Structure formats: structure tokens, C-alpha cells
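Please arrange chain B on chain A, whose structure you already have, making use of the hints.
2 protein chains.
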Amino acid sequence: MFIKIKGGATAAKGFSAAACEAGIKYKDRTDMAMLYAEGMCRAAGTFTTNVVKAAPVLWDRQIVSEKGAAQAVVINSGIANACTGEEGMRYCRQTAEAAAEALGIPADSVLVASTGVIGMQLPMDRIAEGVRKLAPKLENTIEAGHSAAKAIMTTDTRPKEVAVQTTIDGKIVTVGGMCKGSGMIHPNMCTMLSFITTDANISRELLQEALREDIKDTYNMVSVDGDTSTNATVLLLASGLAGNKEITEKGEDYLLFTEALREVNTALARKIAGDGEGATALFEVKVVGAASKEDAVKLSKSVVGSSLTKAAIYGHDANCGRVLCALGYAGVDFDPEKVDLTFESAAGTIKVIEDGVMLSFDEVKAKAILSQSEVTAIADMKMGDACATAWGCDLTHEYVSINADYRS
Amino acid sequence: MFIKIKGGATAAKGFSAAACEAGIKYKDRTDMAMLYAEGMCRAAGTFTTNVVKAAPVLWDRQIVSEKGAAQAVVINSGIANACTGEEGMRYCRQTAEAAAEALGIPADSVLVASTGVIGMQLPMDRIAEGVRKLAPKLENTIEAGHSAAKAIMTTDTRPKEVAVQTTIDGKIVTVGGMCKGSGMIHPNMCTMLSFITTDANISRELLQEALREDIKDTYNMVSVDGDTSTNATVLLLASGLAGNKEITEKGEDYLLFTEALREVNTALARKIAGDGEGATALFEVKVVGAASKEDAVKLSKSVVGSSLTKAAIYGHDANCGRVLCALGYAGVDFDPEKVDLTFESAAGTIKVIEDGVMLSFDEVKAKAILSQSEVTAIADMKMGDACATAWGCDLTHEYVSINADYRS
Numbered sequence: 001m002f003i004k005i006k007g008g009a010t011a012a013k014g015f016s017a018a019a020c021e022a023g024i025k026y027k028d029r030t031d032m033a034m035l036y037a038e039g040m041c042r043a044a045g046t047f048t049t050n051v052v053k054a055a056p057v058l059w060d061r062q063i064v065s066e067k068g069a070a071q072a073v074v075i076n077s078g079i080a081n082a083c084t085g086e087e088g089m090r091y092c093r094q095t096a097e098a099a100a101e102a103l104g105i106p107a108d109s110v111l112v113a114s115t116g117v118i119g120m121q122l123p124m125d126r127i128a129e130g131v132r133k134l135a136p137k138l139e140n141t142i143e144a145g146h147s148a149a150k151a152i153m154t155t156d157t158r159p160k161e162v163a164v165q166t167t168i169d170g171k172i173v174t175v176g177g178m179c180k181g182s183g184m185i186h187p188n189m190c191t192m193l194s195f196i197t198t199d200a201n202i203s204r205e206l207l208q209e210a211l212r213e214d215i216k217d218t219y220n221m222v223s224v225d226g227d228t229s230t231n232a233t234v235l236l237l238a239s240g241l242a243g244n245k246e247i248t249e250k251g252e253d254y255l256l257f258t259e260a261l262r263e264v265n266t267a268l269a270r271k272i273a274g275d276g277e278g279a280t281a282l283f284e285v286k287v288v289g290a291a292s293k294e295d296a297v298k299l300s301k302s303v304v305g306s307s308l309t310k311a312a313i314y315g316h317d318a319n320c321g322r323v324l325c326a327l328g329y330a331g332v333d334f335d336p337e338k339v340d341l342t343f344e345s346a347a348g349t350i351k352v353i354e355d356g357v358m359l360s361f362d363e364v365k366a367k368a369i370l371s372q373s374e375v376t377a378i379a380d381m382k383m384g385d386a387c388a389t390a391w392g393c394d395l396t397h398e399y400v401s402i403n404a405d406y407r408s
Numbered sequence: 001m002f003i004k005i006k007g008g009a010t011a012a013k014g015f016s017a018a019a020c021e022a023g024i025k026y027k028d029r030t031d032m033a034m035l036y037a038e039g040m041c042r043a044a045g046t047f048t049t050n051v052v053k054a055a056p057v058l059w060d061r062q063i064v065s066e067k068g069a070a071q072a073v074v075i076n077s078g079i080a081n082a083c084t085g086e087e088g089m090r091y092c093r094q095t096a097e098a099a100a101e102a103l104g105i106p107a108d109s110v111l112v113a114s115t116g117v118i119g120m121q122l123p124m125d126r127i128a129e130g131v132r133k134l135a136p137k138l139e140n141t142i143e144a145g146h147s148a149a150k151a152i153m154t155t156d157t158r159p160k161e162v163a164v165q166t167t168i169d170g171k172i173v174t175v176g177g178m179c180k181g182s183g184m185i186h187p188n189m190c191t192m193l194s195f196i197t198t199d200a201n202i203s204r205e206l207l208q209e210a211l212r213e214d215i216k217d218t219y220n221m222v223s224v225d226g227d228t229s230t231n232a233t234v235l236l237l238a239s240g241l242a243g244n245k246e247i248t249e250k251g252e253d254y255l256l257f258t259e260a261l262r263e264v265n266t267a268l269a270r271k272i273a274g275d276g277e278g279a280t281a282l283f284e285v286k287v288v289g290a291a292s293k294e295d296a297v298k299l300s301k302s303v304v305g306s307s308l309t310k311a312a313i314y315g316h317d318a319n320c321g322r323v324l325c326a327l328g329y330a331g332v333d334f335d336p337e338k339v340d341l342t343f344e345s346a347a348g349t350i351k352v353i354e355d356g357v358m359l360s361f362d363e364v365k366a367k368a369i370l371s372q373s374e375v376t377a378i379a380d381m382k383m384g385d386a387c388a389t390a391w392g393c394d395l396t397h398e399y400v401s402i403n404a405d406y407r408s
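Heads up: the protein sequence lines correspond to chains A and B, in order.
Every letter in the first sequence is one number past the one before it in the working numbering, and letter 66, counting from 1, is 66.
Every letter in the second sequence is one number past the one before it in the working numbering, and letter 264, counting from 1, is 264.
Same shape as in the complex, but just chain A (with noise of 0.2 Å):
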């Protein structure tokens, strides 16, 4: 009931964006980006689970929270603002008030994030000269949005946005969105920034509960190396520019938002795991015939989790027995004696382990199927009819190397 269109964050009505070289740790690329809305729009958040959150995740979340509304984010890459103290929460309150002043809107409609090291104060000369550059550059173009892509990067290799439109109400409405990745990628939440604006009219309890309920089946199942970041912020902002009816509750045009929302999440969250640090491979694991959602759930995270289930996908080896040994320890029960195994991608289709006990197998064959860019796993548990995606990629030698110096 969607179709997907070309851009990103300014795909949806009433949102601009920008994108500068401000300096703050990177040399020669842009690395601070902003998205503005034309009035105020509402505004939905998740963000990270762990007990150490950085600073832009308190501010963000206090406004979510207690106003439910904003209009600008200010992103930058290089520095996490994380483990920094007060001083890193008196640099969200100085780009907020930066912001508001270069765009004429109140501090408190300004959302923040940061992504990069740890540990390390922003530059805040910087950041606010950085957002005095932005606001006058800000467009409602396409390609405004493909460079704000590109600036809020780490060691991401590709820009990630998405769009779709859908019909609610008589009216098109749009979703789109941008996120980035790449490393310090887990479950609750993957260590990701991810924007996504809207001109859907909905209400703001909805438009939470719209959000809080997709990560759950999107970002929450991208697992890349098991650290779950400090920084993780999954930001939905509404424009209700789209002209349709508001949403209040939970109807026809709730579920066709939702749809849209999912399909721009979903994309979002295989474009993290299939560009993980130092990734070859896009490796999907999808569990079947699980007992309950919850096993499913963890099942599937458990193997995409696995460095040694990982490490046999960078080898292209189809290692059938780490996947079983992964599904083992994922904290479910479940009969070793049922699960049946299957790797599947473009090249093809292959059984491997049947009633728990591996198969004869084709290796040449096996090893065509996992030479391929996308990688599925399918663990049938034949313990009852739940399932569940997880999405991850392999652990490659690149991996090792952008982790052992990344802050030098």
C-alpha cells in the first residue's frame, strides 16, 4: 500500500536540510548537518537503553517527553558528546540556543545528536559556528537531504536514506528518512543515529506509539558487533503538512502510516547492518516456528549476534553447526532434535541441518549461496508458528582494523 520514491530526510512536505564542514574532528569533509521544519511539527523518540547516555540523548529525550514537539535537529559527526558531564550538557543547551537564534525558533524546539568518540568535549567554538553556516544553506531539495546524509557518517562507507509515499485519507503522504551506523551496533538500541520526518497529520501520543512499536521489529533486530551505544536516537518528526485528517486512534489510516513507517525503518536498518564496520555482507537471520514472539526474538538475535557465526560468513563457510550452537545458548528452550537449517540468497537455496543432525551437503553449492552480498539463515524450531528477522553482517578483518585505532 506504499511506493517507494527517491530521497531521504526533505522527501516528506515541510522539511529542509544542510549540511557544512565545520571542523570538529574530520579534515576535508562535511561533518555537521541540520534539518528544519517550516513550523512546528510533533515529535517522537527512542533512544539507547544503556545506563551511560550521552548528553544529546537527555536533552532530546526531556523534550520529547515533557513538549512532544520540536523543529530543527542539529547532527554532528567526529564526537559522541558522550561521557563528558555537565560541560557536554551545557554544549546541547549552547547548540540549541545557537540554533534558535540563526532560525528564530525557541532553544527548546531544537534537537540535538551527536555521533563519534567518546569520552572527548565538542569543540563548541565550532558547533556554533557551524550552525550559523547551516541555517542560511537549508533547502527543501532532495539533494539537501542526500548531503545531510553524508555529513552525519562515521565509518559508515555509504550515505542511508530512504522515502515511500502512501495514500491516507484521499492524501498522499510521505515518509522518509536517514540514519547512519555503523560500529557499537546492538539490539536496544543499535548504536545509530536515525531521523525520519513525516507530513502525516497524527497525533502526538500516536505518532510515539507508532515509533515504540516499530524499533522493536526494526532497529532493535540490527545487531553488528553487540555494543549498544551510548548515543543510540531514533528521531520521528510530523509535519502534518499531507493535509489528511489527524489520526487519533487506532484505525485504517493509523495502520497505513504504520506500514509506511515500517517499510522506511526496515530499510533503514538493513542499510546499517549490511554497511556494519568493515562489513562484506548483509547477513539476515530469519526464525521460524518458534514457540512465542519473545523466543523468536531471541533466537534470531542470538545467531546474528555470533562473531564465530559471523567470522564462517566473511569465510563464506557454511557452518552450520555455529548457527545451531548460537540458537543453543540464545536463552530459549527448544528441542536441538527438530531445528532444521537452510541458507538461501540470490545464488540459491540450501538444507543443511535437518531434525538437528547436519546433512551431506553440496559445499560447492553452499559456498555460492554464502558468496553472496545478502546472506539469509532460516532455523525452522518447530516449536510453534512465531517468527522474527534479525539483521546483522559478517566479522571481517576490517572490522578489527578501524576498531584497533579508530580514535587515533
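Please keep in mind that the hints were generated in silico from the structure rather than gathered at the bench.
As the structure is a computational prediction, the values presented were derived from the model and not from experiment.
There could be a bad hint or two in this list.
Just so you know, same-sequence chains aren't split out, so a pair can sit in one copy or run between any two.
[Claimed, not checked] The calculated lysine-lysine pairs, modelled on BS3-like cross-linking and capped at a C-alpha distance of 30 Å, are:
id : residue 1 : residue 2
1  : Lys365    : Lys27
2  : Lys351    : Lys25
3  : Lys298    : Lys216
4  : Lys216    : Lys365
5  : Lys171    : Lys216
6  : Lys298    : Lys286
7  : Lys67     : Lys298
8  : Lys367    : Lys338
9  : Lys382    : Lys351
10 : Lys365    : Lys25
11 : Lys365    : Lys293
12 : Lys250    : Lys67
13 : Lys245    : Lys27
14 : Lys338    : Lys4
15 : Lys367    : Lys27
16 : Lys25     : Lys338
Below, chain B without anything else, positioned relative to chain A:
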């Protein structure tokens, strides 16, 4: 109250060992070992918590729980006999029967253990032939114990043996053992096989209790890669030949025995961590000042298991933000603004976080400290007085290389 002595699994009175080339999977190296006791021993064991349990785990668990006695252990490396169904169970019985015949003892006093690739069936003819080769080679010498420790290695780079002596009831009591790591290592249980022998005279019940309590602070505090194996097994055999009065209650004698056992298992656990797949350094994480022991265990395990932290240790990078982040997602409540973090090694000590905020520290000194072969991170939570220590290793290119093509 104990002294370290030379040797391993044959150090205690009454135990002999042998190794041979059975050609199970490896070429030009030993791949089978046998431990044998002159008389029937009391036997204790702890096993993997993985739902998927290898056949030898099921075999041993039954003997330990029903009989609590054993006289021999047959171990092979190369193939794990896991995910092998009924055929795998039959092979355990056949192995025990072959050993029983060769040694002239009952089959249900023969424990078996396997380590290696999951999913492949054992070549039963070669196993049986190996058992027949091993029996006449048994020797009660340090060298024979050393040969056995070498034969059980998989991706281990060095054999792992420890032995200590203490005095109980006026008699010299020896506790010794051997173990192998080194991938698929994670708490509850680690993937490891560990075989401890002692000549202490101790009741079956206290032997099992001593082991069960001990592994909580030793093997269960080791994590190499977060993967809990299908095969992890710790066996403890007591010959009683030291001649001390039987330990039947938790008095001073029991305490002396558990101290010696703790020393052996701690040393072996550290050896497993330091020889984790691809490791260049042992990474020790001490959490102090936690609100409870349970919290301290969770916090230390979380840090030692963090891929990002492990990669930073490999890069000799004092990336303290990652440590604080890993504390934060341990699932424990604490005040991030109280935490102190210090790195320590043979090259010195450096405090990098105080009250949750990163200090401006000497990066050259930090790099020197983190470049040692054993590095310790000490986190003071300032929430109480509980503490715990976990052991792991750095995450390296070599880990990925080993695991990307382990089966081939």
C-alpha cells in the same frame, strides 16, 4: 597455603596419561589422549549450559550424576561430536566400550570428551584404534601429562597445564590439571575442556560442590568471543591416594582443598583467556565497588566481552569510552557519574576516567601500558563493596582469519 609444582593432569598420585596420532582430522600431530587412574575415582563435572549439548556432554553428565565415579577419560580433538544425533551417542558408548576392554574396567567408568568441528560424525574405526594404541602407552610421568595436554589442543597455540600442592591432615595433597581453549569461549560454560585430577580423599558430594562453586569465579569468568559452546566440560577426578582423612564436611581441610582447586582453575582460566583465538594479549577486567557480587560479575563480563573494547586493546588504545559504554549495557543499575576507570599492566598504572568524565591523560604512557601481554582494566563503581574479575583477550585480525575458514 599451597605451592606451585611442575606438571598437570598426572601430578597427583595414581594418575597416568598417554597421547597418540589417531588421524581423526588433523595430520602429523597427536589428536587423542587418555587419562587413567589406578583405582576407581570419585568424579565431579560441570557442563555447558547450551541447549544444544554434544553427545559426550550427555554421556559424561549421566555418569557423573548417577554414579559419581570414574576411572578413565578418553579425549579427541578435531571433531566435536556435536549435532550428531543418535549416531553421536552410539560413538560415545563404543569409545567407552573400547577403552573398557583395553583397560579392563567397566564401560560406565569411562568418561569421553571431544572438541573440534561441530556437525561431523567421528570416524569410529580410528577412534577405537586410537584407544587401543593409548592403553599400553599410559605413563605416570609429567611428560605423559604434557603429551596429553598437547593432543587435546585445537586452535590453541600452547598446551595448558598447572599443578599445586598443599598439606591437608598432615598429608601432601596434589591438585593438577590440563585444559584446552580457545574459541567459542564464553561464560556458562566457556568452550573448553578441562580435566582436573587430585589425590585428595574427599566425599563425592563435597567434590561436586567444590567444583560447582569454583567454576563461578574461574572458567565462567572467561570470555573469548561470546559463543557458549556445545561441548564445554570440566571434569574433576579424586583418587584419594594422598591418604588424608576423608573430607566430609566444610571445615579447614575442605577450605585448604578448595584453595588449591581455585589456584589450579584460576591459572587454567587465565591461560585459556590469554591464548584465545588470535589473541596477542590477556585482557583482565576487575570491577570493584559494585552494589552486589551479581552486579560485579555482569559488569566485568560485559566489558571483557565487548568487541569494540577488545579491538581497542588490540590497538593498544586507551579507548575508555568503550569500557564505560560496555559497563552501561551490562544490565546493571549504577550512577555513570561516579565511575573511575584505571588501566594497569607491567608498564604501570594510569587513571583515564574519574567520576564518569574522561581525564586528560598521557597518551604515550597509556599506549605503553596497553602494549603489554597482560592488560588490566579496573572499574570502581562506587556503589558498594562487591567485586569480580573476568578474563578475555583482544580481538585481532588473526581471530577473523582463524574463524573465517576453520572447517576447510
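Evaluation of the provided hints:
Taking the shortest alpha-carbon separations for lysine 365 and lysine 27, only the inter-copy value of 27 Å comes in at or below 30 Å, while the best intra-copy value is 45 Å. When the C-alpha separation of lysine 351 and lysine 25 is checked against a cutoff of 30 Å, the pair qualifies only between copies, where the shortest distance is 24 Å, while the shortest distance within a copy is 48 Å. When the C-alpha separation of lysine 298 and lysine 216 is checked against a cutoff of 30 Å, the pair qualifies both within a copy, at 12 Å, and between copies, at 24 Å. Taking the shortest Cα distances, lysine 216 and lysine 365 never come within 30 Å of each other, neither inside one copy (34 Å) nor across copies (44 Å).
Taking the shortest alpha-carbon separations for lysine 171 and lysine 216, only the intra-copy value of 28 Å comes in at or below 30 Å, while the best inter-copy value is 61 Å. Proximity of lysine 298 and lysine 286 under a CA criterion of 30 Å is satisfied in both settings, with 11 Å inside one chain copy and 29 Å between copies. Within a single copy, lysine 67 and lysine 298 get their C-alpha atoms no closer than 34 Å, and across copies no closer than 36 Å, so neither meets the 30 Å cut-off. In this homomeric assembly, lysine 367 and lysine 338 come within 30 Å of each other (Cα to Cα) only inside a single copy, at 25 Å, whereas the closest approach across copies is 50 Å.
Taking the shortest Cα distances, lysine 382 and lysine 351 sit within 30 Å of each other inside one copy (15 Å), while across copies they are farther apart (52 Å). For the identical chains of this complex, lysine 365 and lysine 25 are inter-copy neighbours only, at 23 Å across copies versus 46 Å inside a copy, given an alpha-carbon limit of 30 Å. Taking the shortest alpha-carbon separations for lysine 365 and lysine 293, neither the intra-copy value of 32 Å nor the inter-copy value of 50 Å comes in at or below 30 Å. Taking CA atoms no more than 30 Å apart as the test, lysine 250 paired with lysine 67 passes inside one copy only; the shortest distance there is 22 Å, against 61 Å between copies.
With identical chains, the CA atoms of lysine 245 and lysine 27 are never at most 30 Å apart, being 47 Å at best within one copy and 74 Å at best between copies. Taking the closest pair of Cα atoms, lysine 338 and lysine 4 never come within 30 Å of each other, the shortest separation being 40 Å inside a single copy and 48 Å across copies. For the homomeric pair lysine 367 and lysine 27, the shortest alpha-carbon distance between copies (25 Å) is at most 30 Å, but the shortest distance inside one copy (41 Å) is not. Proximity of lysine 25 to lysine 338 under the C-alpha cut-off of 30 Å is restricted to the inter-copy arrangement: shortest distance 28 Å between copies versus 53 Å within a copy.
Hints 4, 7, 11, 13, 14 from the earlier list are contradicted by this structure; the remaining hints agree with it.
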